[in-house]
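Novice: Protein chains in written order, with my numbering: chain Z, 1 to 331; chain E, 1 to 331; chain U, 1 to 331.
Note that these hints are calculated values from the structure, not bench results. Do not take every clue at face value.
Given that identical chains are not distinguished, each listed pair holds provided it fits within a single copy or across any two copies.
[Claimed, not checked] Cut-off 25 Å, straight-line C-alpha distance, at most; resulting in silico cross-link-like pairs (SDA-like, lysine to any residue):
hint, residue 1, residue 2
1, Lys66, Met55
2, Lys255, Glu236
3, Lys282, Glu172
4, Lys66, Gly93
5, Lys219, Asp276
6, Lys266, Pro114
7, Lys279, Glu43
8, Lys330, Gly60
9, Lys145, Pro292
10, Lys188, Ser298
11, Lys145, Arg58
12, Lys145, Ser298
13, Lys145, Glu226
14, Lys219, Gly67
15, Lys145, Ala307
16, Lys145, Val134
17, Lys240, Gln254
18, Lys66, Glu76
19, Lys66, Glu54
20, Lys240, Gln259
21, Lys330, Gly93
22, Lys145, Met299
23, Lys145, Gly93
24, Lys145, Val59
25, Lys145, Val294
26, Lys240, Glu172
27, Lys240, Met278
28, Lys219, Glu54
29, Lys330, Glu54
30, Lys145, Thr61
The lines below spell out each chain.
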Amino acid sequence: MSSSYAPPSRKQNPHLPFGDQRTAPWYGKDILSVRQFNRNDLEYVFGVAHEMREMVERVGTFDLLKGKILANVFYEPSTRTSASFTAAMERLGGSVIPINEVRYSSVAKGESLPDTIRSLECYADVVVLRHPEVGASALAADYAKKPIINAGDGVGEHPTQALLDLFTISEELGRIDGLTVTMVGDLKHGRTVHSLARLLSLFQVRLNYVAPDILRMPKEIIGELEERAMPQEEHELLDKVIGDTDVLYVTRVQKERFQDPANYDKVQGSYTITSDVMKRAKDRMIVMHPLPRVGEISMDVDPDPRAAYFRQMEYGLYVRMALLAMVLGKA
Amino acid sequence: MSSSYAPPSRKQNPHLPFGDQRTAPWYGKDILSVRQFNRNDLEYVFGVAHEMREMVERVGTFDLLKGKILANVFYEPSTRTSASFTAAMERLGGSVIPINEVRYSSVAKGESLPDTIRSLECYADVVVLRHPEVGASALAADYAKKPIINAGDGVGEHPTQALLDLFTISEELGRIDGLTVTMVGDLKHGRTVHSLARLLSLFQVRLNYVAPDILRMPKEIIGELEERAMPQEEHELLDKVIGDTDVLYVTRVQKERFQDPANYDKVQGSYTITSDVMKRAKDRMIVMHPLPRVGEISMDVDPDPRAAYFRQMEYGLYVRMALLAMVLGKA
Amino acid sequence: MSSSYAPPSRKQNPHLPFGDQRTAPWYGKDILSVRQFNRNDLEYVFGVAHEMREMVERVGTFDLLKGKILANVFYEPSTRTSASFTAAMERLGGSVIPINEVRYSSVAKGESLPDTIRSLECYADVVVLRHPEVGASALAADYAKKPIINAGDGVGEHPTQALLDLFTISEELGRIDGLTVTMVGDLKHGRTVHSLARLLSLFQVRLNYVAPDILRMPKEIIGELEERAMPQEEHELLDKVIGDTDVLYVTRVQKERFQDPANYDKVQGSYTITSDVMKRAKDRMIVMHPLPRVGEISMDVDPDPRAAYFRQMEYGLYVRMALLAMVLGKA
């Protein structure tokens, strides 16, 4: 479902009196789900994000959102995501109201999410929301006048993570079409890999899933992508596909997922990326990880120029800058 | 007790070298209690707050306090109040030092409030203080060189809440004199309604108190207002007065206040505002609530244009902007 | 070990394209330990800090670091230090990403400090780090591309505290050479007095140590300063030296340090500074304390102009402004 060519947004920001801003396609929109984005939308976001990257590299900060205020509302802590949105707003000259202790105050007194959001949005021009429950951002958006950006709602969506993953591929390899993307690790529980797989289905990409049997990519997702005629292969070992891989997307295999710890010990070595594994990879490819990692990529891979996982954080900054500018009518 | 025509403040802010600022009547003053304000003072505050509203609606943010720093010192969490002061400072171009974890650090080591305040004020131009103990702000103000704004001290005062309540009435209905204000719910424990009643006694207003017997407005307050010849009536049910009410100020009736839960069940329906209740109210009137609400105004009232409780939050922003500008000599 | 004349820093900040900044001696440097500073370095820092003081006193805030972002990463709470760095950055027109809940999130999931720092530095131009473990800042600096400023690592170093202590002496008394500095209280456990003693050994200063027997200055430090031919004397009582003291540096004697509480009761009066004690002190001298104090300086000393402990906080602001400007190539 595309939102970029939808009729003028129901959301009006009284602080942007300039006519042309009100006609900007993303002005006043909510960012709730990767399903909002079609291929044209993604290309637009990445175009803006690329401009943000160039501006940051050239001048560090600029005043595109000077005078705008972001309410950064986190019902559960997420240091990285919170810091990334804060930095994005500050690098655009805007200000941030950090709201990290929601759980201690009004909410603890039984207040509903719609009430909290309608109170807090009074102070801000845009609201970023992190919440442990699926659908929280959509609920908030139903009530809010200001745009809502979903910064993760439970096992639901975390659209800016998926967008930054895709933007990383686009920036690092110069294209998305024609690539072979291999996802490795726990493909069953990770909303990250689910959202990325869905986004990739908008492009001409081959997907490999490498996971132990109990942590395979869910059938619903494989089925969904099959309908779009996406080439997908499942493997239990990385060996067979590492040599053809352009993007190796690594996720953590948690010991607690295994009923019998012996089974974990048996498989875990197969899903750990070391500099030995990297010897069998292409010269031009990238290794990604949503971070934090805990052992599934060994530190001896860090100096490898193909290790893109820290740069990935930085691309997240540019994507979030782009989205903030877009929903505030400034891009 | 008026403070606006007092002799030049003992508090000097070295960062404001311009002579005229030092003669501004509120420059360097503390905001500790609603008792500081006479009717002239209130009209002055509301005049500045109204200008703030117009500026925010027109341009969003402006640089009146650029370069000024607010230390937002919260000994107990209060998301809304903290966010409101943060937004107020940022909308005026100033910066905020958020200090939310006072309890975890020096204070936990036994440091006194005067020492904490004298340390933290070194970094700031103005200090907002929230503290669980009555009189904390006055104590802090005795020691501080920079202006202190009381953001709530236990069951004591929360002057900016009372000011925003009154400002809401003034902005929404265009006047205060001549109105009938009906307070409903728990009138015994709420410092909000106590402070508002005191402020209203500076105007020509009729007050109705609607509460179950065990939660009636305290005799001291009724007595205090009687001395000022204020018309006051007590009722157990809303029916009799809803039709004449210009301002319906709703507060929460907490189940825990009742020794016998059956008594709570008996009364609570009488103190819940529904769209049915609103049918019997005037066409031009407003419903207010200090928020958070938990059921005492049903959500079907929210779309009613008379429902002013979310707009009330926004008026709080303007009042706090006004106070910050005033004590920093910029209004 | 001096770092100021070292070869160009390995750290490059891509956001500062101007050639001359890259040749600024402190540009891109880490501030990890007082051992980095020789006497020339200190004079340079204090010269910049003094300029910062004059600018703040004259105009409050200025835009030297406009567009720069500080990641203020605190693994343990320290209200004062965190607030001081925040204020320092904001008074220079820069922005701050406050990261106070590291322990609740990625770190709780087992992430290593190098990974956390490499993620967070993506968003910032400079990182301030407070961590409970000795050597944490040096470890972080090994991995980070952006400059790291140590804001305290366990019982290890807290270099900005030591620098502000020395700067306080320099500003208040106009010189350091020729002074008699008396340290009183718990000289065994305080990293503050250890670092200050080391820094003072770069000057022509006489040191008196006044402490109960079980809390004497450690032999290693006395030995280290003896090698530099520094005049040092140990005393059990303050009486003998108070009359000759230019700087009285007071630290807290904690009851818990004494196995037999009776021993604490016996000595503690000797290490409490009262206005009576101050009668025997010089007319021109200063009393310092790292704060928080809990009784070791009685409140009747506060109005004494020689009581410099709250001004000391303010000097900390100027020193931190200086260091931020220096490592960002702007001083």
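Novice: Would you mind marking each hint as holding or not holding in the structure?
Specialist: Consistency of the hints with the structure:
In the homo-oligomer, the alpha carbons of lysine 66 and methionine 55 lie at most 25 Å apart both inside one protomer (15 Å) and across protomers (15 Å), since each shortest distance falls under that limit. With identical chains, the CA atoms of lysine 255 and glutamate 236 are at most 25 Å apart within one copy only, with a shortest distance of 17 Å there and 58 Å across copies. Taking the shortest alpha-carbon separations for lysine 282 and glutamate 172, only the intra-copy value of 14 Å comes in at or below 25 Å, while the best inter-copy value is 64 Å. Taking CA atoms no more than 25 Å apart as the test, lysine 66 paired with glycine 93 passes in both settings, with 4 Å inside one copy and 9 Å between copies.
Taking identical chains as interchangeable, the C-alpha atoms of lysine 219 and aspartate 276 are never at most 25 Å apart, the minima being 32 Å within one chain and 50 Å between chains. When the C-alpha separation of lysine 266 and proline 114 is checked against a cutoff of 25 Å, the pair qualifies neither within a copy, at 48 Å, nor between copies, at 29 Å. In this assembly of identical chains, lysine 279 and glutamate 43 lie within 25 Å of each other by CA distance neither inside one copy nor across copies; the values are 33 Å within and 52 Å between. Proximity of lysine 330 and glycine 60 under a CA criterion of 25 Å is satisfied in both settings, with 18 Å inside one chain copy and 14 Å between copies.
In this assembly of identical chains, the alpha carbons of lysine 145 and proline 292 lie at most 25 Å apart only when taken from different copies (19 Å versus 34 Å within one copy). For a Cα distance limit of 25 Å, the shortest separation of lysine 188 from serine 298 inside one copy, 22 Å, qualifies, whereas the shortest one across copies, 42 Å, does not. Within a single copy, lysine 145 and arginine 58 get their C-alpha atoms only as close as 35 Å, which misses the 25 Å cut-off; across copies the closest is 17 Å, which meets it. In this assembly of identical chains, the alpha carbons of lysine 145 and serine 298 lie at most 25 Å apart only when taken from different copies (20 Å versus 46 Å within one copy).
In this assembly of identical chains, the alpha carbons of lysine 145 and glutamate 226 never lie at most 25 Å apart, being 38 Å within a copy and 43 Å across copies at closest. In this assembly of identical chains, lysine 219 and glycine 67 lie within 25 Å of each other by CA distance neither inside one copy nor across copies; the values are 47 Å within and 48 Å between. Only between protomers do lysine 145 and alanine 307 lie at most 25 Å apart by alpha-carbon distance; the minimum there is 16 Å, versus 41 Å within a single protomer. Proximity of lysine 145 to valine 134 under the C-alpha cut-off of 25 Å is restricted to the intra-copy arrangement: shortest distance 21 Å within a copy versus 37 Å between copies.
Proximity of lysine 240 to glutamine 254 under the C-alpha cut-off of 25 Å is restricted to the intra-copy arrangement: shortest distance 23 Å within a copy versus 64 Å between copies. In this assembly of identical chains, lysine 66 and glutamate 76 lie within 25 Å of each other by CA distance neither inside one copy nor across copies; the values are 28 Å within and 31 Å between. Taking the shortest Cα distances, lysine 66 and glutamate 54 sit within 25 Å of each other both inside one copy (19 Å) and across copies (19 Å). Taking CA atoms no more than 25 Å apart as the test, lysine 240 paired with glutamine 259 passes in neither setting, with 27 Å inside one copy and 66 Å between copies.
Proximity of lysine 330 to glycine 93 under the C-alpha cut-off of 25 Å is found in both arrangements, the shortest distances being 12 Å within a copy and 20 Å between copies. Taking the shortest alpha-carbon separations for lysine 145 and methionine 299, only the inter-copy value of 17 Å comes in at or below 25 Å, while the best intra-copy value is 46 Å. Taking the shortest Cα distances, lysine 145 and glycine 93 sit within 25 Å of each other both inside one copy (23 Å) and across copies (24 Å). Taking the closest pair of Cα atoms, lysine 145 and valine 59 come within 25 Å of each other only across two copies (18 Å); inside a single copy the shortest separation is 33 Å, beyond that limit.
For the homomeric pair lysine 145 and valine 294, the shortest alpha-carbon distance between copies (22 Å) is at most 25 Å, but the shortest distance inside one copy (40 Å) is not. Taking CA atoms no more than 25 Å apart as the test, lysine 240 paired with glutamate 172 passes inside one copy only; the shortest distance there is 24 Å, against 71 Å between copies. For the homomeric pair lysine 240 and methionine 278, the shortest alpha-carbon distance inside one copy (13 Å) is at most 25 Å, but the shortest distance between copies (70 Å) is not. Proximity of lysine 219 and glutamate 54 under a CA criterion of 25 Å is satisfied in neither setting, with 40 Å inside one chain copy and 56 Å between copies.
Taking identical chains as interchangeable, the C-alpha atoms of lysine 330 and glutamate 54 lie at most 25 Å apart whether they share a chain (17 Å) or sit on different chains (22 Å). When the C-alpha separation of lysine 145 and threonine 61 is checked against a cutoff of 25 Å, the pair qualifies only between copies, where the shortest distance is 18 Å, while the shortest distance within a copy is 28 Å.
Going through the hint list in order, the structure does not satisfy hints 5, 6, 7, 13, 14, 18, 20, 28.
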